[in-house]
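Visitor: Here are the chains, one letter per residue:
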Amino acid sequence: MLTKRYGPTVAVDGLSFSVKPGSVTGFLGPNGAGKSTTMRMILGLDRPSSGEVTVNGRAYRDLPAPLREVGALLEAKALHGGRKAYFHLLCLAQSNRIPARRVDEVLALVGLENVGRRRAGGFSLGMAQRLGIAAALLGDPGVLLFDEPVNGLDPEGIVWVRTLMRSLAAEGRTVLVSSHLMSEMALTADHLVVIGKGRLIADTGVDEFIRANSEQSVLVRSPQAPDLAARLQSAGATVVGVEPGLIRVSGMESPAIGELAARDGIVLHELTPQRASLEEAFMELTRDSVEYHAAGAVAQ
Amino acid sequence: MTATAVPQSAPAAARSWRPPTIVDTLRAEWTKFRTVRSSFWSLLVATVLVVGLGALISLAASHHYSQRSLSDQLGWDPTAVSLAGLTIGQLALAVLGILFVTSEYSTGMIRISLAAVPHRSRLLGAKLAVFTLVALVAGEILGFVSFLLGQAIIHGHAPSASFHQPQILRAVIGSGLYVALLAVIAVGIGTILRNAAAAIATVVALLFVLPGVAQALPSSWRNPVTEYWPTQAGSQILQIHRDAHTLAPWAGFGVMAIFAAVVLAAAFALINRRDA
Chain A
1 MLTKRYGPTV
11 AVDGLSFSVK
21 PGSVTGFLGP
31 NGAGKSTTMR
41 MILGLDRPSS
51 GEVTVNGRAY
61 RDLPAPLREV
71 GALLEAKALH
81 GGRKAYFHLL
91 CLAQSNRIPA
101 RRVDEVLALV
111 GLENVGRRRA
121 GGFSLGMAQR
131 LGIAAALLGD
141 PGVLLFDEPV
151 NGLDPEGIVW
161 VRTLMRSLAA
171 EGRTVLVSSH
181 LMSEMALTAD
191 HLVVIGKGRL
201 IADTGVDEFI
211 RANSEQSVLV
221 RSPQAPDLAA
231 RLQSAGATVV
241 GVEPGLIRVS
251 GMESPAIGEL
261 AARDGIVLHE
271 LTPQRASLEE
281 AFMELTRDSV
291 EYHAAGAVAQ
Chain B
1 MTATAVPQSA
11 PAAARSWRPP
21 TIVDTLRAEW
31 TKFRTVRSSF
41 WSLLVATVLV
51 VGLGALISLA
61 ASHHYSQRSL
71 SDQLGWDPTA
81 VSLAGLTIGQ
91 LALAVLGILF
101 VTSEYSTGMI
111 RISLAAVPHR
121 SRLLGAKLAV
131 FTLVALVAGE
141 ILGFVSFLLG
151 QAIIHGHAPS
161 ASFHQPQILR
171 AVIGSGLYVA
181 LLAVIAVGIG
191 TILRNAAAAI
201 ATVVALLFVL
211 PGVAQALPSS
221 WRNPVTEYWP
231 TQAGSQILQI
241 HRDAHTLAPW
251 AGFGVMAIFA
261 AVVLAAAFAL
271 INRRDA
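Sequence lines, in order, name chains A and B.
Note that the working numbering has the first sequence beginning at 1, numbered continuously upward.
Note that the working numbering has the second sequence beginning at 1, numbered continuously upward.
The following block holds chain A by itself, in its conformation from the complex (with noise of 0.2 Å):
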C-alpha cells in the first residue's frame, strides 16, 4: 500500500494498483487527488512514506537505465528555457548512453524538427508538451507515464496525442496517463484507475466505468407536466422539476413513460433519453464522500 505524507497532509493513502502492457490505462483524479506525486513516486522522484513501487519489477532507482525503461512527461514547462530543443534532448540522450541520433528522430516524431535548434523557453506550452512527449520516447521504452499530456494542446494536438498513445499501447507498450478530465479519458483509455484524496476508488474498464456510473434519466416535456409527475411518481419513478412544462425523470426507461402517458391521455411534446455523461458521472464518484461511492465502484 503507497502512502505519502507531506507533514500532517495525506497527499497518496494505502494506494494499490497495477498497471497493464498494452493498453493505455487512463489515471484518474481531480486535481489535488494525488496523481502528480504518485508519478513522482513511481519515478523515484519522491520516497513514499511507506509502501514501495516497481517498475518492471525493480524499484526505478534500480533501473540501469531509466530512459531505456521508462519515458516520463511530467510539468512540460519544467525545464530549462535557455537552452535549445536539440540540446535538452542530448544531454539526456548522452546521460543513457542514447545515440545522438535519436535526439533527430524523436524531434521528427513530434514534429519540432524544425525548431529543434531554437530554446525550449520560447516554445509554446503546446510545443514544450511535444518536447516532453520527444524526451519521453527518447529511450523506445516500454512503459511511458504521461501527467496531464494534453494540457495547452490545440484541437489537432490532442487528437495527435490520443493516437499516439493508442498506436503506442498497440505497440505492446504500457501507457499510464494522468487526467482531471474523464471525457478526455473515454476516447483514449482502455483502463481506469481513479483516484480520491489519495485513495483508490476505482480500478476498472472504461465500458464498465461508464456502465456502472452513468445512471439514466429522460426529459419529458408536456402541457400537463405536474399530473404527469404525479402519475410517475405513484409508478416508482424519482421526478425532478426542471422548469414549468420540464421533468427529468429516473428510474423508468422513455418507453415506459410514453406508455404511462398514452394510457393516461397526457400529451407529450418531447421524451428524450438522457445518458449522464461519464464527467458527470466522475463528479458524482469523486464528489465528497469518497469511501462511500468506492463502495459501488472498486471492482478488484
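It cannot be assumed that every hint is accurate.
Stated by the list, open to error - Here's a subset of chain B near chain A, in silico, CB distances under 10 Å, partners left out: (1) 49; (2) 68; (3) 70; (4) 113; (5) 273.
To be verified - Not close to chain A: a few residues of chain B, all C-beta gaps over 12 Å, as computed: (6) 112; (7) 223; (8) 250; (9) 255.
Keep in mind that the hints were calculated from the coordinates and are not lab data.
Glycine included, C-beta positions come from ideal geometry on N, C-alpha and C.
Put chain B on the given structure of chain A with help from the hints.
Guide: Showing chain B alone in chain A's frame:
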C-alpha cells in the same frame, strides 16, 4: 505488502544497449553546462573582473610604490597584487557554480535529470566534477594571464615578480586551485539551498560580509577568525608575503579544503534524502 507495479511490457526487444556509466553522466553534464548562455557570460565577466581589475590594481599600486612607507614596501607582494582581481572575480565563478545547480531546481529540470539519472550521488558527482574542472581550468588561465599582465605593468615602477623566484609558481597555480575549491563550495551550497538567491547570499557572506564583520571584533577574537575563516585561509595560497595571524599557504588551503568537504558531505546527504 502490495505495490504499485508497472510490469514488464515492451515486446521482448532484445537488449541491444549497454548500461550507461559515470562517463555518460559526465558527458551529459558537460553538455548541460556548455549549452546555456549563463555559462559563457559568467566566464566572460570573471575574465574581465580578474584580468581587468588585476591590471588596474597593479597599475595603481605600483605607481604609488615610491611614496609608500618602508613597512609597506617591506610587505610589497607583486604576485598578490597582480592576482587581486580574483577577490571580486571569484564571485562570478561562484555564482556560475551556484546557477549550474539551482537552475535545475528553479526550472524544474531536476525532475527530468533525476528521472534520467536516478542515482543521485552520481548526478551530483558528475555535476561537481564538470564544474570544478571548468573552474580549475578557468582559474589557472586567469591566474597566469593576470600574473603575467600584472608583472608587465608593475615592472619598472616597483619590484616585480617572476617565476624564477621561490613560491611564485605556487601562488599562480594556487589561483586555479583556490577557484576550484571555491567551485566545490558553490556547487555544494547550491545543492543544499536549492535556491539561487539564498545560495548567492550565503557565498557573498562567506567571502565578503563575515570576514568584514570580523574586522570590527576585538583583536583577540578577530585574529583566530581571520586565520581560520575558510576562504581567508584558502586565499593564503595566493600570497607570497605572509601577514601576521595567517596560516601558511598549504595549511590555509587545507582548512578551506576541509570546509569544502563538510559542505559536500551535507550536499550529498541531502540530495539523497530529499524529495526532488
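Visitor: Evaluate each hint against the coordinates.
Guide: Hints, verified against the model:
Given hint, residue 49/B at the interface with chain A, is violated; its Cβ is 22 Å from that chain's nearest Cβ, farther than 10 Å. With a cut of 10 Å, the hint placing residue 68/B at the interface with chain A is violated, because the nearest CB-to-CB distance is about 48 Å. Taken as an interface hint, residue 70/B does not check out: its beta carbon lies about 54 Å from the nearest beta carbon of chain A, beyond 10 Å. With a least beta-carbon distance of about 8 Å to chain A, the hint placing residue 113/B at the interface is held under the 10 Å criterion.
With its C-beta approaching chain A no nearer than about 8 Å, residue 273/B sits inside the 10 Å limit, and its interface hint holds. Taking the minimum C-beta to C-beta distance to chain A, about 6 Å, the non-interface status of residue 112/B is violated against the 12 Å cut. The non-interface label for residue 223/B is consistent with chain A: the shortest C-beta to C-beta separation is roughly 45 Å, beyond 12 Å. Against the 12 Å criterion, residue 250/B stays outside the reach of chain A, whose nearest CB is about 37 Å from its own CB.
Every C-beta of chain A lies more than 12 Å from that of residue 255/B, the closest at about 35 Å, which supports listing it as non-interface.
Checked against the numbered hints given earlier, the structure breaks hints 1, 2, 3 and 6 and satisfies all the rest.
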